[in-house]
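Chains as they are written, first to last, in our numbering: chain A, 1 to 247; chain B, 1001 to 1299.
Be aware that a few hints might be false.
[Said to hold, decoys possible] Below, a list of computed lysine-lysine pairs in the DSBU-like style, where the Cα atoms sit at most 35 Å apart:
id, chain 1, residue 1, chain 2, residue 2
1, B, LYS1268, A, LYS187
2, A, LYS184, B, LYS1215
3, A, LYS215, B, LYS1226
4, B, LYS1071, B, LYS1158
5, A, LYS21, B, LYS1284
6, A, LYS94, B, LYS1058
7, B, LYS1011, B, LYS1215
8, A, LYS215, B, LYS1157
9, B, LYS1071, A, LYS187
10, A, LYS17, B, LYS1276
11, A, LYS184, B, LYS1284
12, A, LYS215, B, LYS1071
13, B, LYS1031, B, LYS1011
14, B, LYS1284, A, LYS8
15, A, LYS17, A, LYS99
16, B, LYS1158, B, LYS1265
17, B, LYS1215, A, LYS8
18, A, LYS187, B, LYS1011
19, A, LYS2, B, LYS1284
20, B, LYS1226, A, LYS184
[Stated by the list, open to error] Negatives, chain B to chain A, calculated, CB over 12 Å:
id, residue
21, LYS1031
22, LYS1154
23, LEU1267
These are calculated hints, taken from the structure and not from any lab test. In this text, all values refer to a predicted model and were calculated from it rather than measured experimentally. From the three backbone atoms N, C-alpha and C, an ideal C-beta is built for every residue, glycine too.
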Amino acid sequence: MKNVLNVKNIYASIGGKQILKDVCFDISENEILGLVGGSGSGKSTAAKVITGLLKPDSGSIELYGRKLSGKRSRKECGSIQMVFQNPESSLNPKYKIGKILADAMSFQLRLSREEIAKRSADLIRRMELPEDTLYRYPGSFSGGQKQRIALARALSVEPDLIIADEPTSSLDVSVQLRMLDLIKEIKEERGLSILFISHDLGVINYLCDRVAVMKDGRIIETGDRGSFFEAPKTEYGRELLSSVPRI
Amino acid sequence: MANMNERNEGKVFELKNLNIFADEDDRNIVKNLSLYLNAGESLGIVGESGSGKTLTLKSIMGMLPDGVYGKYDEMTENDHIGMIFQNPVRALDPIMSVREQMREAYARHHGDRMYDDEDKHTKYVSIGKRLSRILIGDAMTRNLSSKKEDAADKWIKKICERLSLPEDILEEDRIPSTLSGGQCQRVGIAIALACDPEILLCDEPTTALDVNVQKNTINLIKELQKEYGFAMIFVTHNLAVASQICDRIMVMREGTIVEEGETDKILKSPENDFTKMLIASVLKVPELKTEPKNDDLKD
């Protein structure tokens, strides 16, 4: 299978503190890679480096074999989209959902007004959101609905890769399950590649094809979901696995 | 211990017909909720966001937020109720040192009992400490006598050791933002324990934490329950977490208890559809089977 993303030997620091140390991984087409680790292990920093929000000290990021430079073109920016952890703060509270989606599409795809309206309506329906969603403000939605809106915004610009940074950790377990199902369905429909960041191994096991474990800024283990959950190679992997609450 | 309600044998706490209303439109948020707690027992309240779990706990604590009010037929009076909050960082004062916050909680609950705890040795240490404070120009200007300071100091040291909090968090410049989430939660637990609780209310204490920190926190609360013998109400949206810690579970939906019973019974033979849905929402993880293949791979 073709590699969508190659992350090679990334070193990155924030405020002079080294956060990422020699981070390497790749994601293939139509694959979900789960990035697992504790708070402060560097998961979100890795996401920031890949999206171009943070410049790495060294190392390279390739999208479909093409190296992404420090200053990215409009198309390169659009090809990697992100869904953030906190749905409250990732949507502009003063814009109606219609405008939030339209802004993303008109900037990235330069579509006509009619086309934007049609696509927005389709996305809203696909995300199982209420029909009047486009005319409402983010404040009037529940956490789960806001996360689906954020996902709709990410999908609206037809990205090659979506980075989802703990998108369900602020949701109830029941709402979380519906969101995960939706991500799975969308991935199959569109052949998307997803980097799914989470500290919850239950979620990773439910959703991901492969797993990478991160600790103290390094990737310490990667493997298929099956082999990781059957026999993690590292102590830390085992510790994480044994910590999951079970019924 | 004080204020034990002796009419209810074995019961340390009982609440009958709690109703919570919104000021604005008199909407009934929590409807006719009754619960009881036996000594040393853990009761889980499980439900989705907005079902009224947190408001129930807050009304027991007598700290309902503005905009809602509660009514009940009967509630056991008890001064020894501690509470642990969902967001460990926000539950603490952001600009007060962690040590001062622990000291304040202890002083609040032990104001008149401290003298009993004293022994000569601590008094001696206290004079030395006070002298050194004066010498290095660090005046402790809190409204606590030297004796009270000692008892609080002793308690803080003991509780930090018990909760595996490193000693350096007690330095004067350590405010909550300099601690990790797990550490803040343990400080929160320490403050809740300051009142020698007979009842501990836990409001999603692990939701904001990493899974491995979550597990440690749950184990810690379980151990503390054995040591201190308090009864506990544990609120969570995750049935798996509740099943690890609770003897009984109440399932709450839109302000109403839809099902309650022993944990095993709820998990094995749930009757309500909502309970079944909650059980189905717990994502399964396979059990660990084999040992790590290679020692070199240990991190």
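Hints versus structure:
Between LYS1268/B and LYS187/A the alpha-carbon distance is near 34 Å, which keeps this suggested pair within the 35 Å criterion. Of the pairs offered as hints, the one joining LYS184/A and LYS1215/B holds, with about 28 Å between alpha carbons and a cut-off of 35 Å not exceeded. Proposed proximity of LYS215/A and LYS1226/B is supported: the alpha carbons are some 33 Å apart, at most 35 Å. Between LYS1071/B and LYS1158/B, the direct Cα distance comes to roughly 39 Å. Violation of the 35 Å bound is thereby established for this hinted pair.
At roughly 32 Å between alpha-carbon atoms, LYS21/A and LYS1284/B fall within 35 Å of each other, so this suggested pair holds. A threshold of 35 Å between alpha carbons decides the hint, and for LYS94/A with LYS1058/B the separation of about 32 Å falls inside it, so the pair holds. Between LYS1011/B and LYS1215/B the CA atoms are separated by roughly 29 Å; this keeps the pair inside 35 Å, and the hint holds. About 31 Å separates the Cα atoms of LYS215/A and LYS1157/B, which keeps this hinted pair within 35 Å; it holds.
Only pairs whose Cα atoms come within 35 Å are accepted, and LYS1071/B paired with LYS187/A is rejected, the gap being roughly 49 Å. Between LYS17/A and LYS1276/B, the direct Cα distance comes to roughly 47 Å. Violation of the 35 Å bound is thereby established for this hinted pair. A distance of roughly 17 Å separates the Cα atoms of LYS184/A and LYS1284/B; the hinted pair therefore holds under the 35 Å criterion. In summary, the hint linking LYS215/A to LYS1071/B is not supported, as the alpha carbons are separated by about 50 Å, beyond the 35 Å threshold.
Between LYS1031/B and LYS1011/B the alpha-carbon distance is near 22 Å, which keeps this suggested pair within the 35 Å criterion. For the hint linking LYS1284/B to LYS8/A, the alpha-carbon distance of about 33 Å falls within 35 Å, and the restraint holds. Distance hint between LYS17/A and LYS99/A is unfulfilled; the C-alpha atoms sit about 38 Å from each other, more than 35 Å. At most 35 Å may separate the alpha-carbon atoms for a hinted pair to count; LYS1158/B and LYS1265/B exceed this at roughly 39 Å.
Using a Cα cut-off of 35 Å, the hinted pair LYS1215/B and LYS8/A holds, with the two alpha carbons roughly 34 Å apart. Straight-line distance between C-alpha atoms of LYS187/A and LYS1011/B comes to about 53 Å, which puts the hinted pair past the 35 Å bound. The hinted pair formed by LYS2/A and LYS1284/B meets the criterion: a straight-line CA distance of about 31 Å does not exceed 35 Å. Pair hint LYS1226/B plus LYS184/A does not hold up; C-alpha atoms about 43 Å apart against a cutoff of 35 Å.
With 12 Å as the threshold on Cβ separation, the claim that LYS1031/B sits away from chain A holds: the shortest Cβ distance comes to roughly 20 Å. With a least beta-carbon separation of about 32 Å from chain A, LYS1154/B lies farther than 12 Å from that chain, consistent with its non-interface assignment. The Cβ of LEU1267/B sits about 6 Å from the closest Cβ of chain A, inside the 12 Å cut-off, so the non-interface label is violated.
The structure fails to meet hints 4, 9, 10, 12, 15, 16, 18, 20, 23 from the earlier list, while all remaining hints are met.
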